[in-house]
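For the record, the sequence lines run as chains Z and P.
Residue numbers 1 to 993, in the numbering used here, belong to the letters of the first sequence in order.
Residue numbers 994 to 1210, in the numbering used here, belong to the letters of the second sequence in order.
Quick caveat, the hints were computed from the structure, so don't treat them as lab data.
Hints may be right or wrong, so weigh each one.
Pairs of lysine-lysine residues, derived as DSSO-like cross-links and limited to a Cα-Cα distance of at most 30 Å, are as follows [claimed, not checked]:
#1 Z:Lys693 to Z:Lys782
#2 Z:Lys861 to Z:Lys41
#3 P:Lys1147 to P:Lys1201
#4 P:Lys1147 to Z:Lys84
#5 Z:Lys84 to P:Lys1046
#6 Z:Lys782 to Z:Lys954
#7 Z:Lys41 to Z:Lys8
#8 Z:Lys801 to Z:Lys727
#9 P:Lys1201 to Z:Lys861
#10 Z:Lys954 to P:Lys1201
#11 Z:Lys41 to Z:Lys801
#12 Z:Lys727 to Z:Lys41
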Amino acid sequence: MNEKLSIKEIRERLSDKTGRDYWRSLDELAETEAFRDFMDKEFPRQAAPLEGSWHRRDVLKLLGASLALAGLGACARPVLPHEKIVPYVQAPEEMIPGRPLFFATAALHGGYAEGVLAESHQGRPTKLEGNPDHPASLGATHALTQASVLSLYDPDRSDTVLEGGQVRSWEQLTALVSAAVENLDQGRGLRLLTETVTSPTLARQISDLLARFPEAVWHQYDTSHGDSAVAGARMAFGRDIATSYHFDQADVILSLDADFTYSGPGRLRHAKDFASRRRVRTADDGMNRLYQVETFPTTTGSLADHRIPLTPAGVVALAAAVAQGLGVDAPTAALPAGIDQVWLDALLEDLNAHQGSSLVIAGHEQPAAVHALAHAMNEALGNVGRTVRYHQPVEARPEDHGASLRDLAQAMNDGSVEVLVTIGGNPVFTAPADVAFGAALDSVSLSVHLGHYLDETGTRSSWHAPLVHELEAWSDARSSDGTTTIMQPLIAPLFGGRSAHELLAVLLGDDASGYDIVRSYWRGRVEGDFDDFWRRTVYRGTVAGSEAAGEEPSLQPFAIDIPEETDLQAVFRLDPSIGDGRHANNGWLQELPNPFTKLTWDNVALLSPTTAEQLGVANEDLLTLSAGGRDVEAPVWVQPGQAVGTVVLNLGYGRTHAGRIGSGLGFDAYALRSGGEPWSTAVAAQPARGRFKLADTQTHHALDGTGERRHIVRSGSLVAFQNEPAKPHFAHPVEEHESNLYPDYVYESYAWGKVIDMTVCTGCNACVAACQAENNIPIVGKDQVRIGREMHWIRVDSYYKGDIDNPEFFSMPMACQQCEQAPCEPVCPVGATVHDHEGLNAMVYNRCVGTRYCSNNCPYKVRRFNFLQYAELGTNATELSLANNPDVTVRSRGVMEKCTYCTQRIAQARITSNNEGRTIRDGEVVTACQAACPTDAIVFGDINDPNSVVTQTKTSAINYTVLDELNTVPRTSYLAKVTNPNPRLVAPVEVDS
Amino acid sequence: MPNYFPPNANAFAKWSIYGGIVFTILLVTSLLVYARTSNNRVRVPVEQPIAFKHNLHAGQLGLDCRYCHSSVEVSADATVPSTETCMTCHSQIRVGAPALATVQASWDDGTPIVWNRVHDLADFVFFNHSAHISVGIGCSNCHGQIDEMEGIWKNEPLTMGWCLECHRAPERFVRPRSEVFNLAYEPPTDQLELGRELVETYHINTEKLLQCSTCHR
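Isolated chain Z (complex conformation) (with noise of 0.2 Å):
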């Protein structure tokens, strides 16, 4: 994207369009030679090699010379050794070797469990799937989920213990602390920084780390923990209570800037419930309706039926003025631009006619005096007890982290600590600058990491030990509501980890293994048979009963301040895709598009249209930004949809001992955070020289939407669909055509089909990272991507309507549509790719010879082409390919490759069922992306069934299938997205900006 986008232009352009309503990106508006590059060609840089100063006779000389030495190669073809196959000495109970074992466990995201079950070949954990029994995943999993599995398997994690780089053994460093630990006065100078504790058995461990040396302190610090969540649950009710929302039950919903879908505890769970009052079919079915005001466009936020982009000072000033208008005592604010009084008014109508099912829920940015005002919102309006639940802390000292933190700096710099351990997390990098702990640590004469990374935090302690993963050891973990995991280790520590119990042990004078730790905690609070429990509980991944006990508090008076508007407000956000940079050396993450941007590889300074324009900057221009007399300097990314006057930034790039992958990208955004004002900061810009080369997605793949009969996304209101029930005409603008000039196949068997529903989709690319992990789909590098080249099989495509300060969200997954007359398939001249007798157009990589005539003549450019040996194969594999699906091939270069349908899943289905003499029961195949998809916007299955869920559901009147009119008959539709806007707003809500 060379040219610079002039916003201006592009807003005329927009006023003029006639006929065109959803776009792609500001590069598709102001038609950049770039965007029509990646249009008009599938592979727009295929071709470069080739380009300079090459001859005929060159060619026909390295013709000719590669000819003969394929001649030799097959003389000289080598006897191949045998493969070994190794048994076992004794066979673990209930293994079958080639069939996979699941176990149920889970993931920690912030402390808080998902419960998971885990796929295991022969011992090695490959697959993540949801727990459906587990109250806080229902069966979902997240994208960060996903990819844990990678990060399992990374060589570049931390495998020895070290004392300033110098190697040592694990009972060397347990002797020093034992002994250094038991010198201290009553514990007096021992300080323990752990991130969130939810797990029972390490609360446990910790107090009696307490009780036996009373002078000690436990901190905690994790950047994502919700502190003004705490904070505000103190100032409604004066002491910790904790919310667990229940969107099933609401039907209007009040988000002040949260991404509930997205992150925080519960999110699954949020996702599921909030999707479940979405399901659209008919004209009869109901709907929730969402109003969403947020700073930048967030997945949740892209499902609002009224969302307003306002700035932090403008959150707090409209949940002051809705407060008050509910009859909540709190201070009056002037509306904040984007929000008229019209507005509001309706949206207080619409809560008060929704008493005790509504739900009104404060971001996990949001400071304390929103949370508080949600709670009295809350209250006020008969919620408490239908849609928000009260209930006891579920984690084990509910906290201001940033407090804690400071507090340990502060005794650090006071020269009062004398031994610090350190469990997981990396302050160093992720502390706000003015906390300035990487010095306070160095004057720590014992400082022990205990770490899953040679990380900032591990290279600048005294003492380095390895952290065992999620998926390598013994422990436990509450979830949002309470319930309680088990968790079991899937594969010994590949690293020689040690986990969090294991060193508290140590701390403690005994040295008992994790799984002694834990069984010992729970031995103690079972009645009746042990054994029995244990075994129940740790095959079903939740403590029965464990959920923590309701409470009813009451509101007390609390006073709030409305914060002043700045001319540039800093937004600080964990990065969707590396968290706080936890993740920052998983691959799958690091090229995972973010929601939206598009953008892989780095972070960025995300501006609205409106304030580029202003500090004249365009994309890929890079930017100064200074505050409390530190600066940062970022390229920056013109968001669509962002509130006006706030600059978005990432945190958790910049890490500078992250690993081979995630080291040197992107800059650090933590050096602009404050402690007292973490999540939003008043920040000055300045345009600064040069550009920096950002790989971005967003103009790749792009379906062709131009002409009057293209119609790729399609969306209506509710009310329309009332209108016309049997066939509205947002979902079916054109008449479709009959004509065919093939022949139709027959399908005898089984007929595979997949609805996408837009509705629900929030574009969390769950479904991508899914499908990467079953598909051992390979990463190919920000350069590689910069040129196009990314391998997922599965995208989001994100589209927009409408004006470019406040536009519309359509997120549309994009996987191969297995079509009826697929234009792939007449054109391959090898028989490559072909229609099998169930539909499916199936990819066969052994006899691909790469020509890509297949993927040039997909009108849904969703075939992926091995440019380069992206997989590891043979001699170059690391520990990564340990990942690996082994029912899936693992893909050479020059080979073409794309989505199946998850037909290695299809296949051993079908197995099955005719091993047991029976056909494929409906919702027994369940695709990769379907499975993890938090809203269940993903419904496949046999469209030779009548009575399946996929066939009824494709003959909703709002069913259709993208660029129906090419007559391609794709096996994949989608339902237009429906929206439910209040009636009262129908006219669009003029956006001051």
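Keeping the supplied structure of chain Z fixed, place chain P upon it in accordance with the hints.
This is chain P only, laid out in the frame that chain Z set:
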């Protein structure tokens, strides 16, 4: 100017062109044959760390195939037995025999026995034992007279062409399920008739057998 080439040189030129074509075809064919056969090791005994005798165990002693290859009916893999399986008998029978030293050593110190793979399909082929067993393809259809082999070798080429011989016409090979593990089974004279009947009874989807996606994923 004198003629450098006599008139019969024309014929020489012509025949050398024909000869060249024939030579090239022969060369390519022989190279292909060489390349395909040299690697295939059909009926070539494969050396193993233990001189295990199938003819003794499956033949003379009459052990069922599934005693050792226990997952053959339920999984893609037939399973190479664990040392423990060997020791179920050999902790009682022929204890201390020199031929069993490797097995005993494996059992004593817990190191697995490393066998050489005999039937090695390409990595893009996904063969499933259970799918074949359940539709009446017998062990001996592919593995031959295992009960007569002193060593172990691959009895058939296991090329795609060989697979398709049966996938194109399963009625030529299917046998009653009860005879699957019978290594001495002889197809009846009316095999085709029986085969067609069994294809029907076992719901063998002959169309699916020829789809790429059946074996390649």
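P:Lys1147 paired with Z:Lys84 [C-alpha distance capped at 30 Å] = holds (15 Å)
ask   = Would the pair P:Lys1147 and P:Lys1201 pass a check requiring their Cα atoms to be no farther apart than 30 Å?
value = holds (27 Å)
request  = Assess, step by step, whether the Cα of Z:Lys41 is no farther than 30 Å from the Cα of Z:Lys801, and give holds or violated.
outcome  = OK: Z:Lys41 and Z:Lys801 at ~25 Å, within 30 Å.
task = Mind checking the alpha carbons of Z:Lys41 and Z:Lys8 for me, to see if they're no more than 30 Å apart?
result = Given pair Z:Lys41, Z:Lys8 holds - Cα atoms ~28 Å apart, limit 30 Å.
ask   = Within 30 Å, alpha carbon to alpha carbon, are P:Lys1201 and Z:Lys861?
value = Within the cut-off at roughly 28 Å; holds.
ask   = Taking 30 Å as the top limit, are the C-alpha atoms of Z:Lys954 and P:Lys1201 close enough?
value = holds (26 Å)
ask   = Is it true that the CA of Z:Lys727 sits at most 30 Å from the CA of Z:Lys41?
value = violated (36 Å)
ask   = Keeping to a limit of 30 Å between CA atoms, is the pair of Z:Lys693 and Z:Lys782 held or broken?
value = Roughly 10 Å separates the two Cα atoms, so the pair holds.
inquiry  = Please verify whether Z:Lys84 and P:Lys1046 have alpha carbons no more than 30 Å apart.
reply    = holds (19 Å)
request  = Decide if the proposed pair is consistent with the structure: Z:Lys782 and Z:Lys954, CA atoms, cutoff 30 Å inclusive.
outcome  = Between Z:Lys782 and Z:Lys954 the Cα gap is close to 39 Å, so the pair fails against 30 Å, i.e. violated.
query = Holds or violated: are the alpha carbons of Z:Lys801 and Z:Lys727 at most 30 Å from each other?
reply = Within the cut-off at roughly 22 Å; holds.
message = Need the status of pair Z:Lys861, Z:Lys41: alpha-carbon distance at most 30 Å?
response = holds (10 Å)
Hint compliance for this structure: hints 6 and 12 are broken, all remaining hints hold.
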